[in-house]
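Asker: So you can see what is in the structure, the chains are spelled out below.
There are 2 protein chains.
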Amino acid sequence: MKTIKIVKIGGNIINNEKALHSFLADFAELKGPKVLVHGGGKLASEMATKLNIPVTMIEGRRVTDAQTLDVITMVYAGKINKQIVAQLQAHNTNAVGFTGADGNTIVSVKRPAKPIDYGFAGDVITVNPEIPTLLINNDVTPVFCAITHTKNGQLLNTNADTIASEIAIGLSNNFATELYYCFEKPGVLTDVENDDSVIEHINIESYRKLKADGVIFEGMLPKLDNCFHALKNKVKTVHIGSTAMLFNSKNKHTSLQLL
Amino acid sequence: MKTIKIVKIGGNIINNEKALHSFLADFAELKGPKVLVHGGGKLASEMATKLNIPVTMIEGRRVTDAQTLDVITMVYAGKINKQIVAQLQAHNTNAVGFTGADGNTIVSVKRPAKPIDYGFAGDVITVNPEIPTLLINNDVTPVFCAITHTKNGQLLNTNADTIASEIAIGLSNNFATELYYCFEKPGVLTDVENDDSVIEHINIESYRKLKADGVIFEGMLPKLDNCFHALKNKVKTVHIGSTAMLFNSKNKHTSLQLL
Numbered sequence: 001m002k003t004i005k006i007v008k009i010g011g012n013i014i015n016n017e018k019a020l021h022s023f024l025a026d027f028a029e030l031k032g033p034k035v036l037v038h039g040g041g042k043l044a045s046e047m048a049t050k051l052n053i054p055v056t057m058i059e060g061r062r063v064t065d066a067q068t069l070d071v072i073t074m075v076y077a078g079k080i081n082k083q084i085v086a087q088l089q090a091h092n093t094n095a096v097g098f099t100g101a102d103g104n105t106i107v108s109v110k111r112p113a114k115p116i117d118y119g120f121a122g123d124v125i126t127v128n129p130e131i132p133t134l135l136i137n138n139d140v141t142p143v144f145c146a147i148t149h150t151k152n153g154q155l156l157n158t159n160a161d162t163i164a165s166e167i168a169i170g171l172s173n174n175f176a177t178e179l180y181y182c183f184e185k186p187g188v189l190t191d192v193e194n195d196d197s198v199i200e201h202i203n204i205e206s207y208r209k210l211k212a213d214g215v216i217f218e219g220m221l222p223k224l225d226n227c228f229h230a231l232k233n234k235v236k237t238v239h240i241g242s243t244a245m246l247f248n249s250k251n252k253h254t255s256l257q258l259l
Numbered sequence: 001m002k003t004i005k006i007v008k009i010g011g012n013i014i015n016n017e018k019a020l021h022s023f024l025a026d027f028a029e030l031k032g033p034k035v036l037v038h039g040g041g042k043l044a045s046e047m048a049t050k051l052n053i054p055v056t057m058i059e060g061r062r063v064t065d066a067q068t069l070d071v072i073t074m075v076y077a078g079k080i081n082k083q084i085v086a087q088l089q090a091h092n093t094n095a096v097g098f099t100g101a102d103g104n105t106i107v108s109v110k111r112p113a114k115p116i117d118y119g120f121a122g123d124v125i126t127v128n129p130e131i132p133t134l135l136i137n138n139d140v141t142p143v144f145c146a147i148t149h150t151k152n153g154q155l156l157n158t159n160a161d162t163i164a165s166e167i168a169i170g171l172s173n174n175f176a177t178e179l180y181y182c183f184e185k186p187g188v189l190t191d192v193e194n195d196d197s198v199i200e201h202i203n204i205e206s207y208r209k210l211k212a213d214g215v216i217f218e219g220m221l222p223k224l225d226n227c228f229h230a231l232k233n234k235v236k237t238v239h240i241g242s243t244a245m246l247f248n249s250k251n252k253h254t255s256l257q258l259l
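Chains as they are written, first to last, in full-length UniProt numbering: chain A, 1 to 259; chain B, 1 to 259.
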């Protein structure tokens, strides 16, 4: 089986045009099949504010009313996704932009309104990897934004970390999947103030202990839960760190495994 | 060679949610390979106005400054394109949304600033039909919005009629292409006030005469020029009329041929 890299980039890259362009130039050089996944949180909030649409976050997650969903669709699938695709083309990487609606790739259900009503927020139920696989096998790099659909015509705002893990899982029958979560830190830290405190290896057992000891705290937990969900579902390796880990395997970062 | 329908829809459908949903339900039922092309003029202008970005039109064409290009990318490639894709999926038509940047499908150059500076407006120079062809051969319907790219990272606003004819030309080596321009009239009219005055057949010779006699006037000329450009470049048939012509071949409309 061919190896494929599924790379999720975070707000620290998306929100900074220079950082994004520099990252995409490097990403284009990565050899072999690859997939890029992005959100676009801050730009969506800025656009909502410009349009006088209130931005509501509960526990770090966006409440997506109908107007906000429109903004997200415009910013994620329009502005950001197409800028990324055009930049990759400039670097001779043949990219095609995707939401979960394109190719019926990611089907989700609207999250139940209780206990918290997040509005048009989607929880993934099915990944159909056929169309991305077809494109990947023809040297195309799919670029996914954080939007899915219900298959009944409704688009849904969906967590980009979840999209990345679900896509990786969906591709694992045909590829040896390597999942990379790039964010503003060099990895999972024991001391959030100290970038040198990267935990280089985490497995299910040590994760349990890190949680029990309160070393890993709230914001990190859904990300790590996503990682272990992926590992339990045939994803070969999962890595968390800065984008540098993609281009230099010796760069210190966090690698996760089951055992 | 398999027949393929390339269908361009206009503002009268895009700007009316009910009309769009009803059209897409019918379009999904069309048998055989197909491609949909859309612009989204009015919604882009509305969004620009909401964002206090001035809307400037010269001779019916939009002047696209950097801010306006962002709006167009958000509205065309985001909001409209993804709503169409999600609706088609709901009707069991497997669609994938495209700009010309996706799959490097349509490469254009920025229109010269003289005699009129239209800003980030693109004139098509190359169509690469490989990725759409691959998808079409796998029962996918590409949905194109009116945006192209320079291959140097720049997106460009591009006339949707032109996109439709260039895509049709690009697909003509592998398919028998039928190009349909749907708009608010039942066809090309001798009397713009009278919907019964449809000219059912136009060829190069009669087109020349209709122009000379002033029967066909300004707004219609670029559309018809596009049609004849397509016919001169291997597109099999071109039709202009209401969407009804797609679903009932006996519906009165304008058919174009070279001779």
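Accuracy of the hints is not assured; some may be wrong.
Repeated chains share a single entry, so a pair holds when one copy, or any two copies, can fit it.
Stated by the list, open to error - Pairs of lysine to aspartate or glutamate, DMTMM-like flavour, derived with a Cα cap of 25 Å:
#1 LYS18 to GLU130
#2 LYS50 to GLU205
#3 LYS2 to GLU130
#4 LYS236 to GLU200
#5 LYS110 to GLU193
#6 LYS236 to GLU46
#7 LYS18 to ASP65
#8 LYS151 to GLU17
#9 LYS50 to GLU29
Bear in mind the hints are in silico, worked out from the structure with no lab data behind them. Source: prediction; values computed, not measured.
Asker: Each hint should be assessed against the structure and marked as holding or not.
Answerer: Right, here's what the structure says about each hint:
{"no.": "1", "hint": "LYS18 to GLU130", "result": "neither (34 Å within a copy, 32 Å between copies)"}
{"no.": "2", "hint": "LYS50 to GLU205", "result": "neither (46 Å within a copy, 53 Å between copies)"}
{"no.": "3", "hint": "LYS2 to GLU130", "result": "both (16 Å within a copy, 23 Å between copies)"}
{"no.": "4", "hint": "LYS236 to GLU200", "result": "within (17 Å within a copy, 62 Å between copies)"}
{"no.": "5", "hint": "LYS110 to GLU193", "result": "neither (37 Å within a copy, 48 Å between copies)"}
{"no.": "6", "hint": "LYS236 to GLU46", "result": "neither (37 Å within a copy, 47 Å between copies)"}
{"no.": "7", "hint": "LYS18 to ASP65", "result": "between (31 Å within a copy, 21 Å between copies)"}
{"no.": "8", "hint": "LYS151 to GLU17", "result": "between (33 Å within a copy, 18 Å between copies)"}
{"no.": "9", "hint": "LYS50 to GLU29", "result": "neither (36 Å within a copy, 40 Å between copies)"}
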